[in-house]
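Assemble the whole structure, with the sequences as input and the hints as a guide.
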Amino acid sequence: GDSVTQMEGPVTLSEEAFLTINCTYTATGYPSLFWYVQYPGEGLQLLLKATKADDKGSNKGFEATYRKETTSFHLEKGSVQVSDSAVYFCALSGAGGTSYGKLTFGQGTILTVHP
Amino acid sequence: SAVISQKPSRDICQRGTSLTIQCQVDSQVTMMFWYRQQPGQSLTLIATANQGSEATYESGFVIDKFPISRPNLTFSTLTVSNMSPEDSSIYLCSVSTGPSGNTIYFGEGSWLTVV
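Order-wise, the sequence lines are chains A and B.
If you want this note's numbering, it's the position in the first sequence, counting the first as 1, plus 155.
If you want this note's numbering, it's the position in the second sequence, counting the first as 1, plus 168.
In case anyone wonders, no lab produced these hints; they're calculated from the structure.
Quick reminder that beta carbons are idealized off the backbone N, C-alpha and C, glycines included.
Certain hints may be false.
To give a feel for the contact side, a few chain A residues facing chain B, derived at Cβ under 8 Å [stated by the list, open to error]:
1. ALA172
2. SER187
3. TYR194
4. LEU199
5. THR206
6. LYS215
7. SER248
8. TYR255
9. GLY256
10. LEU258
11. PHE260
12. GLY261
13. GLN262
14. GLY263
Per label pair, the in silico range of CB-to-CB distance [to be verified]:
15. THR185(B) x SER234(A): 31 to 37 Å
16. GLY164(A) x ASP194(B): 33 to 39 Å
17. THR175(A) x GLN192(B): 37 to 43 Å
18. THR160(A) x GLY228(B): 38 to 44 Å
19. SER169(B) x GLN236(A): 25 to 31 Å
20. LEU241(B) x VAL237(A): 40 to 46 Å
21. PHE243(B) x ALA172(A): 41 to 47 Å
22. LYS223(A) x ILE180(B): 43 to 49 Å
23. PRO195(A) x ILE231(B): 17 to 23 Å
24. SER169(B) x VAL237(A): 38 to 44 Å
25. PRO195(A) x SER237(B): 28 to 34 Å
26. ASP209(A) x ASP179(B): 42 to 48 Å
27. VAL237(A) x SER227(B): 18 to 24 Å
Structure representation (structure tokens):
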């Protein structure tokens with residue numbers, strides 16, 4: 156079945172540091188890929204997504220590129236802020252059929268940014 | 169877009185009781201899903217709420233424990249039955265739209281604590 160693997164956490168950075176959170180996946184066909192963010196005490200928010208190979212999703216300074224050849228969707232940000240402290244989830248939605256609309260999540264990565 | 173309202177947003181429940189969570193969407197959607205997020209964990213799909221028929225449960229989840237109703241295209245309920253402390257979780261409603269089902273929205277979640 157489909158699966159998503161995120162880098163081990165937690166991740167602790169200083170403000171303005173460069174962020175990478177690795178995400179790799181296993182799926183048949185061409186899934187859609189997502190990054191979600193969950194701020195402390197809040198619900199889940201879509202950060203960005205990509206629906207086909209080589210697509211780049213971007214939002215709020217975060218970027219991720221759908222790499223079919225390496226089955227990866229790594230999240231990056233050039234300069235993190237304290238307000239980026241949250242849990243980040245990589246997820247995929249399978250390519251149609253019974254997978255329509257369903258998400259498979261990675262284990263989540265806790266990011267803490269210090270001033 | 170779709171706006172999802174969940175009720176209750178938070179609750180503290182007694183062991184052995186049951187609680188019903190409501191999910192209301194501001195537009196008609198075909199696909200609705202229920203997820204569980206246990207403390208410090210990722211999200212796991214409980215079931216697909218099918219309009220006019222029985223829900224489709226994922227492995228490890230059963231109808232007796234998590235009965236689901238879907239009377240129309242904008243509303244669904246999830247009941248957590250005979251609760252134990254292990255059921256303390258965030259329960260999230262999700263809908264998917266668009267031709268490929270990869271436009272996915274989440275409610276704010278229902279944060280349940282069982283004592």
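query = Which hint numbers does the structure go against, in order from smallest to largest?
reply = Failing hints, ascending: 1, 3, 6, 15, 18, 23, 24, 27.
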